[in-house]
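Trainee: As a plain string of letters, each chain reads:
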Amino acid sequence: MNFSFSKPTTFTFFGRTRALEAQIDEFLDKVSEAGLVFSRAMKVYLEQGKGKDYEAFLEHGTTVEHRGDDLRRGIETELYAQTLIPDFRGDVLSLLEDMDNLVNIYEANLYRFSIEGPEIPAEFRRDFWDLTETVVTCVESVVLAARAFFRDIEAVRDHNSKVMFYESQADKISTKLKRAVFASDLDLAHKTQLRYFVERIDELANEAEDIADYLAIYTIKRKI
Amino acid sequence: MDLTVLFFLTSGLFLGWSLGANDAANVFGTAVGTRMVRFTTAALICSVFVILGAVISGAGASHTLGKLGSINTLAGAFMVALSSAVTVYIMTKWRLPVSTSQAIVGGIIGWNLFSDSVTDTSTMIKIFATWVACPLLAGAIAVSIFKVTQQFQKRVKLHLLRLDAYSRLALIFAGAFGAYSLGANNIANVMGVFVPVSPFTDFEVANLFTLSSVQQLFLFGAIAIAVGVFTYSKRVMLTVGQELLPLTPIAAWVVVVAHSIVLFLFASQGLEHLLASAGLPTIPLVPVSSSQAVIGAVVGIGLLRGGREIRWRVLGIIGVGWITTPVISAVMCFVALFFLQNVFNQQVYRAVHYELSSPVLEKLAQLDIATERLDDLQGKEFDSSVKFLEALEQKASLTAVQEQRALYYAEVEDFVIEPEKIDTLDADWLTPLQITALRELSGRTFRYKWRLAGALARRSDEWELKPDSKLNKLYNSEIEKKLDYIYRTFASNG
Chain A
0 MNFSFSKPTT FTFFGRTRAL EAQIDEFLDK VSEAGLVFSR AMKVYLEQGK
50 GKDYEAFLEH GTTVEHRGDD LRRGIETELY AQTLIPDFRG DVLSLLEDMD
100 NLVNIYEANL YRFSIEGPEI PAEFRRDFWD LTETVVTCVE SVVLAARAFF
150 RDIEAVRDHN SKVMFYESQA DKISTKLKRA VFASDLDLAH KTQLRYFVER
200 IDELANEAED IADYLAIYTI KRKI
Chain B
0 MDLTVLFFLT SGLFLGWSLG ANDAANVFGT AVGTRMVRFT TAALICSVFV
50 ILGAVISGAG ASHTLGKLGS INTLAGAFMV ALSSAVTVYI MTKWRLPVST
100 SQAIVGGIIG WNLFSDSVTD TSTMIKIFAT WVACPLLAGA IAVSIFKVTQ
150 QFQKRVKLHL LRLDAYSRLA LIFAGAFGAY SLGANNIANV MGVFVPVSPF
200 TDFEVANLFT LSSVQQLFLF GAIAIAVGVF TYSKRVMLTV GQELLPLTPI
250 AAWVVVVAHS IVLFLFASQG LEHLLASAGL PTIPLVPVSS SQAVIGAVVG
300 IGLLRGGREI RWRVLGIIGV GWITTPVISA VMCFVALFFL QNVFNQQVYR
350 AVHYELSSPV LEKLAQLDIA TERLDDLQGK EFDSSVKFLE ALEQKASLTA
400 VQEQRALYYA EVEDFVIEPE KIDTLDADWL TPLQITALRE LSGRTFRYKW
450 RLAGALARRS DEWELKPDSK LNKLYNSEIE KKLDYIYRTF ASNG
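Top line first, the protein sequences correspond to chains A and B.
Taken in order, the first sequence gives residues 0 to 223; the numbers are from numbering that gives the first Met the number 0.
Taken in order, the second sequence gives residues 0 to 493; the numbers are from numbering that gives the first Met the number 0.
Since the hints were derived computationally from the structure, they do not count as laboratory data.
One thing to keep in mind: the hints can contain errors.
[Claimed, not checked] Straight-line alpha carbon distances no greater than 25 angstroms define the calculated DSS-like cross-link-like pairs of lysine-lysine that follow:
#1 B:Lys481 / B:Lys465
#2 A:Lys220 / B:Lys153
#3 A:Lys177 / A:Lys49
#4 A:Lys49 / A:Lys190
#5 A:Lys222 / B:Lys480
#6 A:Lys161 / A:Lys222
#7 A:Lys161 / B:Lys156
#8 A:Lys175 / A:Lys190
#9 B:Lys481 / B:Lys448
#10 B:Lys480 / B:Lys420
#11 B:Lys146 / A:Lys222
#12 B:Lys448 / B:Lys386
#13 A:Lys220 / B:Lys156
#14 B:Lys125 / B:Lys472
#15 B:Lys469 / B:Lys125
#16 B:Lys146 / B:Lys156
#17 B:Lys146 / A:Lys220
#18 A:Lys175 / A:Lys161
#19 B:Lys448 / B:Lys379
#20 B:Lys156 / A:Lys222
#21 A:Lys161 / B:Lys481
#22 B:Lys469 / B:Lys481
#23 B:Lys420 / B:Lys481
#24 A:Lys42 / A:Lys190
Here chain A stands alone, though its shape is the one from the complex (with noise of 0.2 angstroms):
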């Protein structure tokens, strides 16, 4: 025989409320993880090329991409049905907008490559896999900064520091690569696709410190 109970209101509203907060959760787990494919493919890639293995990297990715933009959606949905923190639903859904942008340029890439295909030659290999990792890294710390924001108010400074200071290590390895790029005796149309793939690379890293200049605002107003 199957009994069911209704739970009381108030466990009903917390037990809403830990559900949304293990979306969040789940959803900056998937930036992480997003960031963490991007870095394995980059690493097939540049050691193998494109091939069966950078491809499941690519299937993934765009699967973390998908449940990601369901997590967003759900956790927008249910911020505004419930009329959740209103003094702060403006800035986390910007701030859930912009996370999942991050896993988007992710794929982008993911598929930039798998389309384009780019030779990279053995010289610039190290300096690519430097800056994937040093954006990486970036988009790291900002997920802990995000983290933060909704947890250990106090925190989300630190994070910040450390994402301006991996922003700024890209910018420096971006150029130099560029500088090399161009440097070297390849013909120019090979020149500039490098340059536009160390350009959509670095744009994570970009994107990551806007993101932590607009959480340093959210945070000053939860604050006060």
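Since chain A is already given, all that's left is putting chain B on it; use the hints.
Mentor: Chain B only, in chain A's frame:
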């Protein structure tokens, strides 16, 4: 059923409506202003708890007539209630949170002026003190609670959503508690004066409980308050919770809690008694009012944040509203009483007589008043308190306390202790010994309140006032309430 009574009752209901429309902002203004609680949710909770407070706890106050009790005719009370209600309505229309009690006191001052009765100077001082002391206290307490809450938040590191859920629940609880107190404390002011003429009779609800005539009357008053909350309270809520200063949900909660603490710490005779009986130092009782406390708390938080966000213009207008409320109410009441008396031929006050008989002079001598200079006035009767005090002051200079005591001793009122009236007294409220003492006085007549009180005190300790002290204050005020009830019941013109 007397139609005049029903007609007079309407001003009480209107006053209830105005109270709901304005005072609900004190308990739910910040919650609605910060959009943490929807207006309809707030109005529903507020209405339910106002009704519960009025019917359950308010009934305990049914023996006191509330503030309007000093008005000695129904038509007079009608006009005081009406002018207070209109004043609060005007203030609500202007979105200003004001004190309904002060509007009522203003109306009573208008009636005092019209009926040539003396207004106790302490009443005026109380109003002024409420404008200044109450917001300062509330502001200071709000700042302290806000700082503690901030530290707590830093330590506990709650998720933003969890914090939101807790603050929402806390705001709802604090609001419900505030609404209950609002109903319990104010229903006597709205309906108390109509208790002796209540047109209702007791009736049983489905064999479960009986609703007394007083409870029914209070239920009607509370419904009027609830209708006020639903129909018109949103505008004042937004002034308190949004227009004066943009508040965060935590700040919204701090405001409600600070306001409740001020009302509890600085206005609770029960707490004073508890501290005094435990041998602890007591907190001085200060005249406080919800509206003033809430605004003080909001401004306190605004100043803590640097004061730049406070809309000083809005605060200025609120301040002007506080000052003009009793003034408008007094002037309106005075003018309207003139019309009610001379155009509609209603008795708006019953003249109270004062005389200086030899027993009264003896009593005055005990107060260190130089009575030998008052001999010329012996046997003279005065038909108003103002005239009496004027005559007295021409002969001797009196302190404010002496004036009050002289008025009490010299007031003439005939009391007949009719045995059949003793049977109608509330035996649940009066003690058996108190009733026995009254029975012993059956058939006797008294010309002064103090003589009746004295006769009762001689027959039973339970009618005796204890020496004036903080510890005895609560006990004495209860005895005084009971004595008032006895005076009303046995007054020969009552």
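Trainee: Decide, hint by hint, whether the structure agrees.
Mentor: Results of checking the hints against the structure:
1. B:Lys481 / B:Lys465: Holds: Lys481 (chain B) and Lys465 (chain B) sit about 15 angstroms apart, inside 25 angstroms.
2. A:Lys220 / B:Lys153: Measuring from Cα to Cα gives roughly 15 angstroms; hence the hint holds.
3. A:Lys177 / A:Lys49: Holds - the C-alpha atoms of Lys49 (chain A) and Lys177 (chain A) are around 22 angstroms apart, at most 25 angstroms.
4. A:Lys49 / A:Lys190: holds, 19 angstroms
5. A:Lys222 / B:Lys480: violated, 50 angstroms
6. A:Lys161 / A:Lys222: holds, 21 angstroms
7. A:Lys161 / B:Lys156: Distance ~22 angstroms between Lys161 (chain A) and Lys156 (chain B) Cα, so the pair holds.
8. A:Lys175 / A:Lys190: holds, 14 angstroms
9. B:Lys481 / B:Lys448: OK: Lys481 (chain B) and Lys448 (chain B) at ~13 angstroms, within 25 angstroms.
10. B:Lys480 / B:Lys420: It holds: about 18 angstroms lies between the C-alpha atoms, which stays within 25 angstroms.
11. B:Lys146 / A:Lys222: Holds. Lys146 (chain B) to Lys222 (chain A) sits at ~12 angstroms (cutoff 25 angstroms).
12. B:Lys448 / B:Lys386: holds, 20 angstroms
13. A:Lys220 / B:Lys156: holds, 17 angstroms
14. B:Lys125 / B:Lys472: holds, 18 angstroms
15. B:Lys469 / B:Lys125: Holds, at roughly 19 angstroms.
16. B:Lys146 / B:Lys156: holds, 15 angstroms
17. B:Lys146 / A:Lys220: This hinted pair holds, its Cα atoms lying about 17 angstroms apart.
18. A:Lys175 / A:Lys161: Status holds; Cα separation ~21 angstroms.
19. B:Lys448 / B:Lys379: holds, 19 angstroms
20. B:Lys156 / A:Lys222: holds, 13 angstroms
21. A:Lys161 / B:Lys481: Not OK: Lys161 (chain A) and Lys481 (chain B) at ~73 angstroms, beyond 25 angstroms, violated.
22. B:Lys469 / B:Lys481: It holds: about 19 angstroms lies between the C-alpha atoms, which stays within 25 angstroms.
23. B:Lys420 / B:Lys481: Holds. Lys420 (chain B) to Lys481 (chain B) sits at ~15 angstroms (cutoff 25 angstroms).
24. A:Lys42 / A:Lys190: Holds, because 21 angstroms separates the two Cα atoms, which is no more than 25 angstroms.
The structure shown violates the earlier hints numbered 5 and 21.
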